[in-house]
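Protein chains in written order, with my numbering: chain H, 10 to 300; chain E, 196 to 407.
Worth flagging that the hints you see were computed from the coordinates, not collected in a lab. The model shown is predicted, which means the values in this text are computed figures rather than measured ones. Certain hints may be false.
Simulated coverage check for chain E against chain H, where a stretch passes if three residues somewhere in it have a Cβ under 8 Å from a Cβ of chain H [to be verified]:
| no. | segment |
| --- | --- |
| 1 | 206 to 213 |
| 2 | 282 to 290 |
| 3 | 295 to 304 |
| 4 | 352 to 364 |
| 5 | 367 to 377 |
| 6 | 392 to 399 |
Using N, Cα and C, we set each Cβ at its ideal position, and we do this for glycine too.
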Amino acid sequence: MKQLIISLAIAIGALVPAFAFAQSTSAGLLTVYVQVINNTGATYYQYQAPSPSAFTVAVSGQSPSLSNFPGSQSGTTVSLLAGSYNVTIANVQNGYAPSYSIGCNSTIAAGQSQTCVVTMTPSYAYNQYATPYQYQNYQPLTCQTVTPTVGLGQQASFNAVGGQGGTYNWSTAYQNFPNVGPTLTTSFQASGSQVVTVTNASQTATCNVNVTNAYTPAPTTYPYGYNGVTYPSTYSNTYPTYTSVAYPQLPRTGFGPKDMATGAAFAVVLLIAAGVVVAPYVRKTVTTLSR
Amino acid sequence: MTRETRLRLVFTCIGVAVVLVGAADLMSRLAHNVLGNGAGAIAFGPAISLVDPSVNGAAATTSASFVPARLRIPSIGVDAAVEQVGQKADGSMGAPTKFGEVAWYAPGPKPGAPGNAVFAGHVDNALTTAGVFEHLSSLKKGDYVTVADASGKTLVYKVVSSTSYAANDAPLSQIFATTGPSGLVLITCTGDWVTSQKQFDQRLVVVASPAY
Numbered sequence: 010m011k012q013l014i015i016s017l018a019i020a021i022g023a024l025v026p027a028f029a030f031a032q033s034t035s036a037g038l039l040t041v042y043v044q045v046i047n048n049t050g051a052t053y054y055q056y057q058a059p060s061p062s063a064f065t066v067a068v069s070g071q072s073p074s075l076s077n078f079p080g081s082q083s084g085t086t087v088s089l090l091a092g093s094y095n096v097t098i099a100n101v102q103n104g105y106a107p108s109y110s111i112g113c114n115s116t117i118a119a120g121q122s123q124t125c126v127v128t129m130t131p132s133y134a135y136n137q138y139a140t141p142y143q144y145q146n147y148q149p150l151t152c153q154t155v156t157p158t159v160g161l162g163q164q165a166s167f168n169a170v171g172g173q174g175g176t177y178n179w180s181t182a183y184q185n186f187p188n189v190g191p192t193l194t195t196s197f198q199a200s201g202s203q204v205v206t207v208t209n210a211s212q213t214a215t216c217n218v219n220v221t222n223a224y225t226p227a228p229t230t231y232p233y234g235y236n237g238v239t240y241p242s243t244y245s246n247t248y249p250t251y252t253s254v255a256y257p258q259l260p261r262t263g264f265g266p267k268d269m270a271t272g273a274a275f276a277v278v279l280l281i282a283a284g285v286v287v288a289p290y291v292r293k294t295v296t297t298l299s300r
Numbered sequence: 196m197t198r199e200t201r202l203r204l205v206f207t208c209i210g211v212a213v214v215l216v217g218a219a220d221l222m223s224r225l226a227h228n229v230l231g232n233g234a235g236a237i238a239f240g241p242a243i244s245l246v247d248p249s250v251n252g253a254a255a256t257t258s259a260s261f262v263p264a265r266l267r268i269p270s271i272g273v274d275a276a277v278e279q280v281g282q283k284a285d286g287s288m289g290a291p292t293k294f295g296e297v298a299w300y301a302p303g304p305k306p307g308a309p310g311n312a313v314f315a316g317h318v319d320n321a322l323t324t325a326g327v328f329e330h331l332s333s334l335k336k337g338d339y340v341t342v343a344d345a346s347g348k349t350l351v352y353k354v355v356s357s358t359s360y361a362a363n364d365a366p367l368s369q370i371f372a373t374t375g376p377s378g379l380v381l382i383t384c385t386g387d388w389v390t391s392q393k394q395f396d397q398r399l400v401v402v403a404s405p406a407y
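Using the sequences provided together with the hints, build the complete structure.
See below:
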């Protein structure tokens, strides 16, 4: 008898959890997520996007544990008995239109998990204007030639006036000077009228300088300063002046090769000339020796 | 055989020898056009090269800078007067006016001063004869180059590098350096003749440093 009681107790202890497990697995679990696309593009009419909880989620199906509840971006779990179900937004408002994932209108089996994602998208047209127009306070860019005439190798200076500020890109026919300040000092390797171009942001301006043939060495003294240390005449917080040293191009120290015919003809002419000069002496010597 | 006959025989032999040497020289120059730089050097290279010019040189060496008057490269038989040149209208360094002389870029450093003293010489001339730097490409690392002023003061250099650059893409700031260690730069034409530009497409740049 005692053994029978113990056996029944063991059987009951084993069956109860199994029954409870069977009961729990007869339902499926549906997790509903609600997300709202934020209206970050609106600048003039900044619109505060509603939170997911502003939208009411309605679940229809086989005995859902929750049939109406506020939306949540982190998800809300609803248990359903096996069968078909449908998820909708009960209060479409504030100009937001819902879109549903495939798991929002489906079937669920016992013990199965399903996921439904509801996306609320703003429907106002002005939201598309993401980038507001910004007033561009640019000044017209012009280029001023400080030294209208210089000699070969002599420093010429140019100032860029206006523009957006920041860095200025300078160029001549021979060299580019990117990312320098509004002042350029350089020298030229060829004479004649030379063009210097400066660009700043989207603006371009040009300067002209007349370069004469006379070679003028670079100045070795400075108008201001002491012991080689120069001081600007006025305070300026602009970029430092970019200065380049002019180096000559490599010299031309060769001539075009002559063809073989030209060289041979030249050699023959010289040999004939030499022969004409020497021939009388050879003839006299031979004559003398033959006597 | 009378005395007059013997004299005629001697002068005739000398004349014939002169003609033969001249003909050989001309043939060598022509061969240079066909075979390249090596032919002339093989035929008429110096029989003896000075190992250390300061040993055999008559003038004393100096460490001071000066205006150069003469440039010598014993290993390739160069002993040339120096012309002073500047920058031409097209921006290039001037070339010597005589094919047997070398040009010194006078706006740049003097020999012995900080930076590079730059010399240029022709590699050839229009009559198929040699320029003063015809055999510059034969210089090897360690060869001696000497520069002297008008009074005979001499600076001795040793070759440290020999590089060919595209004519329009050479490191000009290094070649014509006005600061840094004192050096010597020898330039001549090399590469291929570009008819449309009327120049060779490359330049041979030999750099030498003070030997002492």
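So, going through the hints one by one against the coordinates:
1. 206 to 213: Our answer is that it holds, as 5 residues pass the Cβ test (under 8 Å) against chain H, meeting three.
2. 282 to 290: Three-residue rule met by the segment 282 to 290 of chain E, so holds; n is 9.
3. 295 to 304: holds (count 3)
4. 352 to 364: Per the Cβ count (3), the hint holds.
5. 367 to 377: Coverage by chain H holds here, the residue count being 5 at a Cβ distance below 8 Å.
6. 392 to 399: It holds: at least three residues are needed, and the segment 392 to 399 of chain E offers 4 whose Cβ sits within less than 8 Å of chain H.
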